[in-house]
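Trainee: The primary structure of each chain is shown beneath.
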Amino acid sequence: MDYIIQQVINAIQLGSIYGLIALGYSLVYGVLSMMNFAHGDLFMLGAFFCLLLEKIIPLPLWLALLLTMLVIGCLGALLERLAYRPIRHAPKVSAIITSLGCGLILENITLAMSPYPRHMPTLFQNSIFHFHGITISSLQIIVIGISLLLMILLDVMIRCTTLGMVIRALAWNRLMVSLLGIPANRIISFTFALGAALGAAAGLLYALTYPVVSSSMGIAIGWKAFIAAVIGGIGNMRGALLGAFILGSTEVMSITMLPSTYRDLIAYSLLLIILIFKPYGILGEPPTQKI
Amino acid sequence: MSKQQKQIVYFLFFSILLLVGCRSSNQSIKIGLNTELTGEAPAVGASCVKAATLFVNKMNQDGGVDVGGKKKPIELIIADNGSKADEAVVVAQRLITQNEVVAIVGPNISSCAVPASEISENMGCLMISPWSTNIHTTTKNDGAFKKYVFRACFTELVEIPLLAQFAMSHLHLAKAAVLYDMSSESPNSAAHQFQESFLKAGGKIVAMETYTSQDRDFSAQLTKIQASHPDILFIPAYYNDVPLIAEQARNLGITAQFLGYNSWSTPEIIQLDSHHYLDHAYFSNHFSTESDSPLVKKFIQSYQSTYGTAPDDIAALTYDTMGLIVESIIKAGSLNRTAIANMMANIEDFTGVTGTYKFHQGNHDPFKNVIVLTIENEKFVYVTTLQPE
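Residue numbers (the numbering used here), protein chains in the order written: chain A, 1 to 291; chain B, 1001 to 1389.
One chain only, chain A, in its complex shape:
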């Protein structure tokens, strides 16, 4: 029994990190209908920025988190301004290629500056609790806690504030929103910054949990989070979270029940099956026909 509970804790931890990254994908897609494949690399930059910050001045976790989110958020907005806005009306393929290219550029800049994997310092005293054969560390609790907090804050912002309403309106009809006198470009920049900041927060938390930081750390996990966002219904925030937890628990479950060699095979086959029955994702809705 405690073996199963331990695995559930593992699944929640994995799912909450996937979720934070998947939110960024979904947020940007919701507003621009564009997949920002550089998101995994913003995640990596979040980890690197925090590492750099801690090397210069050791800051407490909350301050480091805020600073990292702020700086990488600005970087995300800059990326949108320089790379994505000029091609907003170009074919979708160009946008995809641009975002892949931006991701590679960010990755290789980091690689050129730091080819070696680095060790991430711990930002607080980690203690481990054992009860009835179950192990949980204070780090795990903090990571899951911060992830859930950020997710709830985002959800409240999107649903209950004017800014959230504007973002939802933009996702619905960009032209109409502009006609009503709302500075659409500024809102889009803000959304990008928000997505990047969430990605950076995930990068920081990830680096704390798995304290080896390298320039390629964002690739695999970026793809997984993207898949989670699609499964949940891309463009839908709650869907992204649902997809992330489904992906995390499928991975852990397939290891628990079968040899771990089959993990990815089982996890992704199941996800394909979900897509066959729900082609727009679990919470996604088919686009309404506009006349």
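Since the hints were derived computationally from the structure, they do not count as laboratory data. Watch out, some of these pointers could steer you wrong.
[Stated by the list, open to error] Capping the alpha-carbon separation at 30 Å, the derived lysine-lysine pairs in DSSO-like fashion look like this:
#, chain 1, residue 1, chain 2, residue 2
1, B, K1072, B, K1058
2, B, K1204, B, K1147
3, B, K1050, A, K55
4, B, K1175, B, K1050
5, A, K55, B, K1379
6, B, K1071, B, K1298
[Said to hold, decoys possible] In silico negatives: residues of chain B with every beta carbon more than 10 Å from chain A:
#, residue
7, T1053
8, K1072
9, P1073
10, D1142
11, T1309
12, D1349
Quick caveat, the model's predicted, so the values are computed rather than measured. Glycine included, every Cβ here is placed at the ideal spot set by N, Cα and C.
Fit chain B to the given chain A structure using the hints.
Mentor: Below, chain B alone, put in the same frame as chain A:
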């Protein structure tokens, strides 16, 4: 431009081409370095370049290499393969056709060395991998050795059975779990070799779990391993994964003895393991800096004074690889690629910094001893030397 002027321009252009051609073909011995400067194993590439450069500088200071009675300097051409199989192939092709090297050192990691070896074999250029222990690096699918491909290290066939025996008879631990990177060739074959040898030595394998490269979360696999209560956790993985696995294992309450193999042997592993989860872990290796041999002492001293750090096993093996190539060139007395490869196959005893090399009976894998090290106080400490039977 008049016709005469044009002719002069053409003449100058071609004479420059000719001069450039002469310089490269006559004056130096070109040796290519196909190595992992970026990607998943940059520390490997860095050590490889350092040792090769040290060797070349030393040889060139002594006047160069004697090729058929004429002293020629060595020119080292360094190329990065990004730790990727496809890039390793491209680099091998470029070194052979464009740079016209007489021999190639590397790649080091097996996933790059295996595909690159096919290029060297097909194009007929000597390739020696300092560090790749995978069987397929030097052998074809039918089991015969590739004519142009060698290695400077022992293989997993020598190393892992000795390590399994060490665990059984020296550590007296008989229940082993294995967690390995199944998407990388070397860890994968090491894991299976260990399973086979450990069972043969009388031990029991209680768990065989896998992950794929780039994974950082091993908690699900480790929770499963913990439920099987092993005495040993064998972790064949690249050095940047090992500290993460060790930390997560200890945090989950796994108390098993950690065991590793030669992929662990880079000082980076100690740097990444800042909380000392790997203390007292044992691993098998090619080289130890705690040797009495004057040759080794001299090598360590010159390496240390040049780079400020002690050489790791990749540096030592690269140094021996360069030595083997130069030995073959001297014996061949020419820069003919086939002649050099033929001489290489006949080296009976070459003493390098990692031990004495013997390539006998057409074998392209050297017959060498295995060293066991442990990690203590942020240092690799010598434990014992295992002799192959």
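Trainee: Would you mind marking each hint as holding or not holding in the structure?
Mentor: So, going through the hints one by one against the coordinates:
Distance restraint check for K1072 (chain B) and K1058 (chain B): the Cα-Cα separation of roughly 13 Å lies within the 30 Å cut-off, and the hinted pair is therefore satisfied. For the hint pairing K1204 (chain B) with K1147 (chain B), the CA-to-CA distance comes to about 39 Å; that exceeds 30 Å, so the pair is violated. Only pairs whose Cα atoms come within 30 Å are accepted, and K1050 (chain B) paired with K55 (chain A) is accepted, the gap being roughly 28 Å. Of the pairs offered as hints, the one joining K1175 (chain B) and K1050 (chain B) is violated, with about 40 Å between alpha carbons and a cut-off of 30 Å exceeded.
Pair hint K55 (chain A) plus K1379 (chain B) holds up; C-alpha atoms about 24 Å apart against a cutoff of 30 Å. Distance check on the hinted pair: K1071 (chain B) and K1298 (chain B) sit about 24 Å apart at the alpha-carbon level, within 30 Å; holds. Distance check for T1053 (chain B) against chain A: the nearest CB is about 17 Å away, which clears 10 Å, and the non-interface claim stands. Under the 10 Å C-beta cut-off, the non-interface status given to K1072 (chain B) relative to chain A holds; the minimum distance is some 33 Å.
At the 10 Å boundary, the C-beta of P1073 (chain B) stays outside the reach of chain A, the nearest C-beta of that chain being 29 Å off. With 10 Å as the threshold on Cβ separation, the claim that D1142 (chain B) sits away from chain A holds: the shortest Cβ distance comes to roughly 28 Å. No beta-carbon of chain A is positioned within 10 Å of the beta-carbon of T1309 (chain B); the least distance is around 13 Å. At the 10 Å boundary, the C-beta of D1349 (chain B) stays outside the reach of chain A, the nearest C-beta of that chain being 37 Å off.
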